[in-house]
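Chains as they are written, first to last, in the UniProt record's numbering: chain A, 1 to 865; chain B, 1 to 865.
Everything hinted at is true.
Computed beta-carbon distance windows for the label pairs:
no., chain 1, residue 1, chain 2, residue 2, range
1, B, Leu-298, A, Ala-412, 38 to 44 Å
2, B, Ala-64, A, Glu-308, 40 to 46 Å
3, A, Asn-291, B, Gly-213, 51 to 57 Å
4, A, Pro-231, B, Val-764, 33 to 39 Å
5, B, Pro-538, A, Leu-536, 41 to 47 Å
6, A, Asn-291, B, Leu-298, 53 to 59 Å
7, A, Ala-412, B, Trp-166, 47 to 53 Å
8, A, Asn-291, B, Arg-746, 56 to 62 Å
If you want the footprint, here are the derived chain A segments under chain B, 3+ residues with CB under 8 Å:
no., stretch
9, 28–37
10, 224–233
11, 267–279
If you're looking for bench data, these hints aren't it; they were derived computationally from the structure.
All C-beta atoms, glycine included, are put in the ideal place defined by N, C-alpha and C.
2 protein chains.
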Amino acid sequence: MLNVHLVPHSHDDVGWLKTVDQYYYGVRNWDQHAGVQYILDSVVAQLAADPSRRFVYAEVAFLARWWRQQDRATRSLLRELVQEGRLEFVGGGWCMSDEAAAHYGPALEQLALGRRLLRRLFGACGTPRVAWQIDPFGHARHLAATFAQMGYDGLFLGRVDHQDKWVRLQRRELELLWRGSSSLEPPQADIFTGEVTALSPGILPNVYDPPAGLCWDQLCADAPLVDGDGPERNVDAVVDSFLGAAATQAQQYRTNHILMTMGSDFHYENAHLWFKNLDKLIAHTNARQANGSRVHALYSTPSCYLRELHRANLTWPLKTDDFFPYSDGPHQFWTGYFSSRPALKGYERLSSGFLQVCSQLEALAGPAARVGPYGPGDSSVLREAVAVAQHHDAVAGTERQHVANDYARQLAKGWDTCQVLVANALSLLGGTKDPLEFCNALNVSVCPLSEASPQFTVILYNPLARALAWPVRLPVGGSSYAVSDPQGRPVASQHLRVLFDPVTGHLSEIHNLAEGLSLPVFQSFYWYNASTGDALSPQASGAYIFRPNASDPIPVAKAAATRLLKTPLVQELQQNFSAWCSQVLRLRPGQPYLELEWSVGPIPVSDGLGKEVISRFRTPLATAGRFHTDSNGRQVLERRRDYRPTWNLSQSEPVAGNYYPVNTRIFIEVHRRLLRDDGRGLGEALDEPGADGRGLAVRGRHLVLLGAAAAAAERHRPRAQEMATPPHLVLAAGPGPHLRQFSGLRRPLPPNLHLLSLEARGAVSVLLRLEHLYERGESRNGSRPATVDLTTLFSAFTVTSVREMALGGDVPLESVSRLLWNTDTGTPKPRRAPRPDPRRVRLEPMEIRTFLASVRYRGPGEGGS
Amino acid sequence: MLNVHLVPHSHDDVGWLKTVDQYYYGVRNWDQHAGVQYILDSVVAQLAADPSRRFVYAEVAFLARWWRQQDRATRSLLRELVQEGRLEFVGGGWCMSDEAAAHYGPALEQLALGRRLLRRLFGACGTPRVAWQIDPFGHARHLAATFAQMGYDGLFLGRVDHQDKWVRLQRRELELLWRGSSSLEPPQADIFTGEVTALSPGILPNVYDPPAGLCWDQLCADAPLVDGDGPERNVDAVVDSFLGAAATQAQQYRTNHILMTMGSDFHYENAHLWFKNLDKLIAHTNARQANGSRVHALYSTPSCYLRELHRANLTWPLKTDDFFPYSDGPHQFWTGYFSSRPALKGYERLSSGFLQVCSQLEALAGPAARVGPYGPGDSSVLREAVAVAQHHDAVAGTERQHVANDYARQLAKGWDTCQVLVANALSLLGGTKDPLEFCNALNVSVCPLSEASPQFTVILYNPLARALAWPVRLPVGGSSYAVSDPQGRPVASQHLRVLFDPVTGHLSEIHNLAEGLSLPVFQSFYWYNASTGDALSPQASGAYIFRPNASDPIPVAKAAATRLLKTPLVQELQQNFSAWCSQVLRLRPGQPYLELEWSVGPIPVSDGLGKEVISRFRTPLATAGRFHTDSNGRQVLERRRDYRPTWNLSQSEPVAGNYYPVNTRIFIEVHRRLLRDDGRGLGEALDEPGADGRGLAVRGRHLVLLGAAAAAAERHRPRAQEMATPPHLVLAAGPGPHLRQFSGLRRPLPPNLHLLSLEARGAVSVLLRLEHLYERGESRNGSRPATVDLTTLFSAFTVTSVREMALGGDVPLESVSRLLWNTDTGTPKPRRAPRPDPRRVRLEPMEIRTFLASVRYRGPGEGGS
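All chains, full assembly: derive it from the sequences and hints.
In structure tokens, the structure reads:
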């Protein structure tokens with residue numbers, strides 16, 4: 001018997017063509033008809049009406065809004081539906097996060113935030129068993145590892161490169177075991193991964209839609225099942241078509257179970273339509289069994305389907321690379337969004353860094369920081385805003401302009417309440433009630449306090465668990481200042497050397513004096529002319545898709561006007577390529593990298609040409625087309641030009657087809673301004689106007705390191721952490737707080753460990769995540785295991801007991817039991833975790849350990865180190 | 001306090017852009033998103049969820065389909081909702097009938113059919129109290145009289161001529177008492193009539209839609225009420241806008257109650273959207289009363305609103321003319337549909353005539369006719385098909401082509417089952433079991449039996465309650481036939497004289513020899529070039545709107561080729577105007593009229609010009625622009641060129657603005673073929689292709705009578721009856737039934753009475769409608785009251801007792817109690833009806849009396865007269 005698992009679902013983007021609130025309420029339906037409040041209302045009513053029905057839901061950002069508006073009876077009904085498995089959460093993050101542009105920290109935290117709410121509302125039954133990434137445009141290996149470590153049993157994907165998919169389909173390898181880490185011991189980072197839909201020859205993949213002709217939402221136009229008499233009767237034809245689709249799909253998968261996604265974007269606003277027709281489809285399909293049909297249709301969920309696959313006890317293929325880049329056609333590489341909306345991407349990074357500052361200070365200062373003295377402070381607004389920004393149409397840069405503006409608005413609102421909290425915490429920890437200033441406009445060199453005051457105090461909070469030298473740039477009004485450190489001593493200095501072409505002003509060579517290395521490096525800016533379609537394909541470049549109209553980019557300028565600045569603290573070469581493209585190359589004493597701070601924009605488009613601006617580094621290194629990029633800013637994957645590890649690539653876009661997402665290692669593209677939509681639903685050109693309508697200018701920093709491969713990780717790993725969570729600057733007028741220096745830690749962490757999360761959980765507990773920064777074998781020192789004593793680590797509180805949790809922070813580690821899967825290389829069994837001793841917490845390479853710690857805060861007089 | 005009655009409703013066309021079944025199931029949603037099954041499902045669930053909610057529903061054709069598919073619990077729930085007044089039926093006909101092209105007989109019967117089902121399912125609470133004609137394109141006085149006599153308390157209209165509406169709005173006369181008959185004693189035909197929506201200056205009337213910005217269906221894009229915090233909060237602005245609309249509307253009506261229609265075409269498929277937002281609107285509006293607001297919003301129904309108007313005890317204006325023609329702008333006269341799709345209009349007439357034959361024979365032959373011997377027969381299929389065809393986008397000719405085809409399909413299916421029933425009845429009454437042939441293709445002169453058989457029997461059934469001479473034309477294969485009457489005697493003959501212009505072949509003069517009258521009459525065919533929009537207005541001529549691009553029509557031909565045929569039975573002049581336009585003028589011995597049988601089509605459009613073909617009669621009569629047309633084929637209303645009785649007309653379309661609906665008296669326009677849509681939602685040009693794709697050809701008959709005015713009614717009234725319910729012809733091979741002649745009546749009715757309905761109601765009762773054919777004062781003889789003895793009227797059964805019913809046949813007359821309304825001329829009180837004596841049933845002019853009669857059928861041997 002072939003079992004067809006029908007999975008009713010609604011894919012509810014946490015912002016895209018409309019803002020989150022607009023989607024929730026169903027405002028602005030002329031842009032897109034979608035109202036999530038009604039979806040949840042309607043689904044709950046329809047599930048209540050018939051116990052055989054099932055529904056899966058993913059986006060907790062919407063569920064949270066909805067829950068707040070429900071009365072007691074509805075909440076109780078929802079709990080009942082969850083308890084009985086009629087409503088199942090999949091994914092269960094605050095949103096369904098992007099995988100290319102999302103940094104692993106906030107990507108993890110948005111999952112944790114959603115899962116935590118589910119746990120609080122529904123207990124263990126609310127905890128999702130499967131990850132559900134059916135729409136993101138390519139899939140990251142690190143995120144797979146994250147899912148595995150949170151306890152998910154499986155991961156379902158919707159979008160896989162069409163060539164990859166076609167090969168897998170023929171080999172019946174659409175379902176596989178994905179090994180998400182080469183450092184963690186299997187099965188720690190292993191996750192069963194399935195592609196939710198099959199591909200029919202000559203037919204576009206339906207991604208997470210239902211099979212053709214079987215879409216019964218109000219947004220579809222397929223005929224409903226008509227089983228009465230009359231000219232419209234179609235039930236026999238519809239069941240035939242369903243059985244045909246099932247038979248085709250069954251040939252592409254390995255068991256006698258297949259899954260069909262019955263839903264799509266913002267479906268189920270009128271859930272009755274779907275369920276009434278699915279009821280009929282199931283009844284009529286199963287009735288045919290009396291005449292010998294061997295197909296059984298049922299309401300199901302992905303976890304139920306997964307249990308059946310597991311029960312089949314087959315051997316599955318193993319995958320160790322990732323699913324980037326994604327293309328859905330020969331000229332349709334979804335590599336444009338890797339750098340769409342760089343300003344929003346930058347603001348998301350700044351915000352998630354500040355969230356760590358805010359969160360840490362909240363935990364260190366204790367509950368009083370939420371109360372005053374600067375007013376009520378709150379980290380949850382920023383936490384939710386950063387979580388929302390992880391959505392695969394948020395940080396991805398594939399949302400409409402007004403939606404991008406709204407994400408920024410949400411983040412800014414989060415900053416406001418976090419800044420009050422930070423001020424409260426600094427006041428409590430440092431003993432000041434003077435006004436503090438946050439200088440939010442430093443990016444445009446505006447800070448009234450530093451510009452006007454003859455004397456002011458710079459307070460720097462470093463969220464890293466180690467000491468750091470950090471240059472601070474402030475606009476000032478005076479011509480000379482005395483700067484003193486917390487102890488009142490002058491700051492001292494020492495060093496890379498960099499050579500420039502004296503004629504063109506371009507970077508030409510880098511010397512690492514300490515290691516005696518040098519490398520010719522030519523760097524400059526270019527732009528690709530965005531395709532508007534050509535004879536090969538009408539595909540235009542757009543927010544999602546990168547498609548240059550030629551393989552050679554055009555230089556922004558042949559030469560740069562340059563200006564050199566030399567001080568004891570910094571040497572800067574300012575390069576001016578054009579009115580809209582400039583760069584500062586910066587070297588500082590003791591700084592092991594060259595910093596390139598570039599400014600691009602407003603990109604001119606008055607010539608009618610969309611432009612994809614790149615920063616290109618050319619070296620004579622013989623790399624054989626190999627390079628490395630990161631996975632969510634943490635893992636490092638090897639890439640090769642015109643090559644994919646698991647299939648024989650037919651390369652049809654020599655530029656776009658070789659782009660990979662880069663978060664912390666090698667930026668390639670920097671900014672884009674396009675005049676066409678790329679036909680993936682956005683319906684708007686990526687033509688960011690900026691506040692003055694002239695086009696958006698963005699600024700970014702590239703750090704270039706030159707060194708021996710063996711020592712590279714010890715250089716780039718810390719730099720990446722510093723960029724992700726940089727020190728946060730606050731100004732105080734006058735002499736500032738009484739306490740001149742404070743450390744939340746009694747001692748720094750070992751250099752290969754990172755304090756990934758420190759988050760207050762009520763008045764007497766905190767959530768901790770400790771992270772090992774290195775891959776196995778990556779560095780002689782860095783890749784060593786490291787051990788830390790949690791009990792005495794913090795100065796502001798004492799850890800009295802800990803409970804180790806799975807990565808999400810919501811489930812005790814010992815209660816996690818995951819399905820095990822066979823591959824050709826065997827069936828890895830999980831190591832039984834020993835009961836953790838908080839005095840000796842050991843981390844292996846790439847490991848992240850999560851603890852819920854009970855803490856006792858010191859009294860008001862006990863603060864400080 | 002201003003009370004705003006919010007009336008949730010869904011306007012569900014019984015066919016328009018989709019067929020009835022397509023609308024019911026929600027098939028073909030790409031044409032129009034609409035699925036009535038879901039509307040009813042959804043509304044019932046939402047009403048059940050909150051007892052304060054109300055909903056009104058009109059179209060029983062859909063309710064009947066839905067009811068059949070419900071389980072016991074849902075049926076019981078629906079009964080409860082109706083009992084409690086939460087679901088109220090308005091109108092309650094099988095459909096919301098057209099008013100211009102619908103004949104009074106089937107228009108009445110479709111109302112009766114719907115009301116009867118409501119009564120059967122829900123008892124007295126299911127009986128609608130208000131008529132609900134919110135979409136028909138103009139309103140007929142006779143239909144108003146029909147509503148009054150069925151017991152409705154009020155009538156609500158949506159479309160009224162924009163000039164009329166504007167004048168009424170300023171005078172606060174949008175609500176009035178409409179006197180539907182000048183013959184019936186008030187208040188018999190009086191009905192309170194209101195226009196459901198007001199008009200705001202500069203804004204198009206919203207007809208039956210909600211006020212701007214307050215539309216919360218899935219088909220609308222208005223913002224839902226957002227009363228939570230956040231950037232989308234709009235509740236204050238929405239309530240302001242609602243209060244503004246209410247204040248404007250209150251100025252245009254007379255009481256402190258106003259009604260707002262909260263719904264539109266096929267709304268409430270997801271009723272939750274509407275009700276959730278209306279709940280909020282009501283709550284927030286009424287909450288403002290605490291701050292001094294004097295507006296109270298409530299869920300309501302039209303009957304509840306009507307009771308409040310009645311309670312106000314005001315004096316209302318009286319109206320005695322009708323609401324034709326309707327225009328919604330200076331160049332937008334909805335007079336095109338009076339003759340759109342003449343072939344469908346013709347088939348509807350044929351079918352409703354045949355339904356009378358079928359219905360009468362079913363009643364006369366008794367229940368056995370439904371069983372055999374020719375198989376199971378059934379009149380209900382044709383009854384429902386004819387009822388559906390009364391819809392204001394069916395017989396109106398304003399439906400899409402494929403929908404027009406489906407109406408024809410439904411009618412044809414009804415013919416099939418009725419023909420079996422008719423054959424059974426003829427067999428039972430006449431004693432034959434030989435095959436009968438119905439010759440359905442006589443319109444194209446095809447009848448295999450008559451063409452091939454040397455001998456055959458012609459069976460004619462005359463549904464009129466009086467003897468009739470009726471010419472029969474059959475295609476035959478032989479060259480000479482002996483024709484004998486039922487008694488075997490030859491048919492005898494005598495006569496108008498008609499003169500023709502010998503040069504052009506046109507009719508030039510008619511002589512009434514008997515009365516010594518003669519009148520020059522020039523008749524010919526012309527066409528108007530359909531406007532495609534001009535400098536005055538972009539309005540094109542279309543299915544609804546007639547707009548010629550010039551006031552003078554173009555002759556089809558200057559002269560006709562003619563051929564004369566003279567036999568003892570008929571004189572025919574055949575006129576050939578063009579390849580697509582011809583006419584036969586016919587005179588028969590004893591026939592008091594000239595018959596003009598015209599054929600028009602396929603109308604050529606290869607020149608790119610839409611054409612509106614007319615038959616024009618020109619006489620030198622000095623009429624001062626006055627003429628008469630009928631109202632639903634029964635009443636006669638005086639019309640005057642460029643004039644409206646109740647306001648000072650500003651005439652902007654001198655041709656289209658003088659067209660009136662004509663059903664039985666003076667046809668003007670005959671056929672149309674248009675190449676543009678007129679922008680009223682149909683989205684299709686009225687370019688009927690016909691079966692061969694070349695364009696539809698239609699044939700019609702005009703009867704021209706010439707006589708003194710005093711005697712005219714006695715000539716035209718019987719002719720109209722004969723055309724509406726002509727004798728029906730059946731052929732039998734060979735000698736035919738044993739019984740050569742049969743009459744269902746023991747004696748003919750008086751000539752001024754008509755047997756309007758004779759309909760079996762179960763095994764032992766029949767529904768009878770007797771109609772007085774004449775207006776008061778219209779004819780010396782005809783307008784006299786007439787009396788009939790029902791008990792001995794019928795030969796097939798004896799009437800043992802009768803109960804007099806209101807016109808609908810569903811409510812006993814004595815239980816009808818209607819609201820009485822004051823006008824300047826007083827408050828007419830109803831005459832208390834005496835208990836009817838079935839032996840002496842008296843009818844006054846224009847009266848229709850309805851009886852439910854218990855009958856005893858004669859045994860098989862007792863048949864015949």
